[in-house]
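A.B. asks: The primary structure of each chain is shown beneath.
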Amino acid sequence: MKFIKPKDINNLYEIIDNIDRQYLLAGGTDINVQIKNGIIRNPNIIYINHLKELSGIEEENDSILIGSTTSFKDIIDSRIIKRHIPLIHSSLQNFASPLLQTSATIGGNIANGSPTADVIPILLALDAKLEICSKISCREVFLKDFFIGYKKNVMSNNELITKIIVAKNAEQKYQTFYKKVGSRNSLAIAKVAIAGLKKVENEKIMNIKLAVGSLNEYPRRLFKVEEYIMGKTLIEIDFNKVNEYLQQEITPISDLRSDKEYRYHVCVNLIRTFLNE
Amino acid sequence: MKISFTLNKEKVTIDVDPMKRLLDVLREDFNLLGAKESCGEGECGACTVLLNGKPVTSCILNAIHAEGKEVETVEGISKTKLGKLIMDCFDETNAVQCGFCFPGFFVSSYYYVKTDGEKDLMKIKRALSGNICRCTGYEKIFDSVMLACERSN
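Quick note, the sequences are listed as chains A and B, same order.
Taking this note's numbering as reference, the numbering of the first sequence is continuous, increasing by one, and the terminal residue is 277.
Taking this note's numbering as reference, the numbering of the second sequence is continuous, increasing by one, and the terminal residue is 430.
Keep in mind that a hint or two might mislead.
As the list claims (entries may be wrong) - Chain B is faced by these chain A residues, among others (derived, beta-carbon under 8 Å):
(1) Gly28
(2) Ile45
(3) His84
(4) Leu99
(5) Thr102
(6) Ser103
(7) Leu187
Stated by the list, open to error - Dumping the calculated EDC-like pairs for lysine to aspartate or glutamate here, alpha-carbon to alpha-carbon at most 16 Å:
(8) Lys52(A) / Glu344(B)
(9) Lys5(A) / Glu344(B)
(10) Lys73(A) / Asp393(B)
(11) Lys52(A) / Asp8(A)
Claimed, not checked - For the chain A half of the interface with chain B, some residues (derived, Cβ under 7 Å), not all of them:
(12) Phe3
(13) Thr29
(14) Val33
(15) Gln34
(16) Ser97
(17) Pro98
(18) Leu100
(19) Ser186
Derived by calculation from the structure, the hints in this document are not laboratory data.
Values in this document were obtained by computation on a predicted structure and should not be read as measured data.
Glycine residues also receive a C-beta, built at the ideal position from the N, C-alpha and C atoms.
Start from the sequences and build out the full structure, keeping to the hints where you can.
C.D. replies: Written as structure tokens, this is what we have:
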């Protein structure tokens, strides 16, 4: 096991370019549990939580940029977030617990890639992008294209998430919805989570964005369901059709937290609730 | 690796494995036995301390997380004026049963009373939602924080 604390961000890019198997340590709330339980053994740890370039929330032109090691507490408390993207502010209130909100980072929640990660459905519904950088270059990737399998993503070993980018007007003129279903309010791992945005004009649903967590190998948008709903009024929507499309898009499993039938029905009911709001 | 930080208002430096858990650093290297290990996974809050003034679970933080920062434990906080006031409230409402979770609840309560302090049960419940009491004596704990909010104003 090796521990490295980069001098600065350029030094970090050099280091990750040269070490094969590594873990980036930011808040530590997931990695320390994995080390304790023996899921990660003798890791090469690269500490990144002290690098100022990776932390903080700022406005730039039409975007809000959230540094990847920004803690959830700083995001919840941010005036910029509250003003421009209140969905993020309100939906993260029950993220883990107040104690974990102080340590846990937004980039960590994404990079860890858990199917139940709380922040991912919210950011998916907001069409968020990630800035991913390496020694040589930076690129932007839509969050919807980031995951490619269970805990697998499009990043190479020499890259890291540096920023989360959300358009300032991402939820302007939209009604928003977020529901996390768990066994208790605090410290729950979601059985089902859903985030939604809809734009209604003359009773017609002009635009809708739906994202779910805990229902697939990674959180994802329900593009087929969205496409079916778009342009219809509430009475024109056939819920048997919604169910049909939903079945093509979610693959709930039974595990220690819930079973697949329950997850499926709760998801359908939550979509219905959101549309009726 | 040498790591320097402020511990209960005192500057300290130790030579330690940077990945050693902050909880173990406090208990083993500084003999501060107030913060407890229970779940060891950040879920129960028995190991709560303040890091740069904000409550964290020290069992899933590492020594490196304290570098250059301020750490306050139940030992330090309980000597402050507000700490004493809150301690008295826990005492008067008989909020402490077995006592294992108490240092964690105390630190979370202190943070709430200090930074918000509104006598609002729902807000208090949320502020203490990262701490678990296996004796399930929550009502009396909430009573004591309500009382502390009243007295500190």
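A.B. asks: Of the numbered hints stated previously, which ones are contradicted by the structure, given in increasing order?
C.D. replies: 3 and 15
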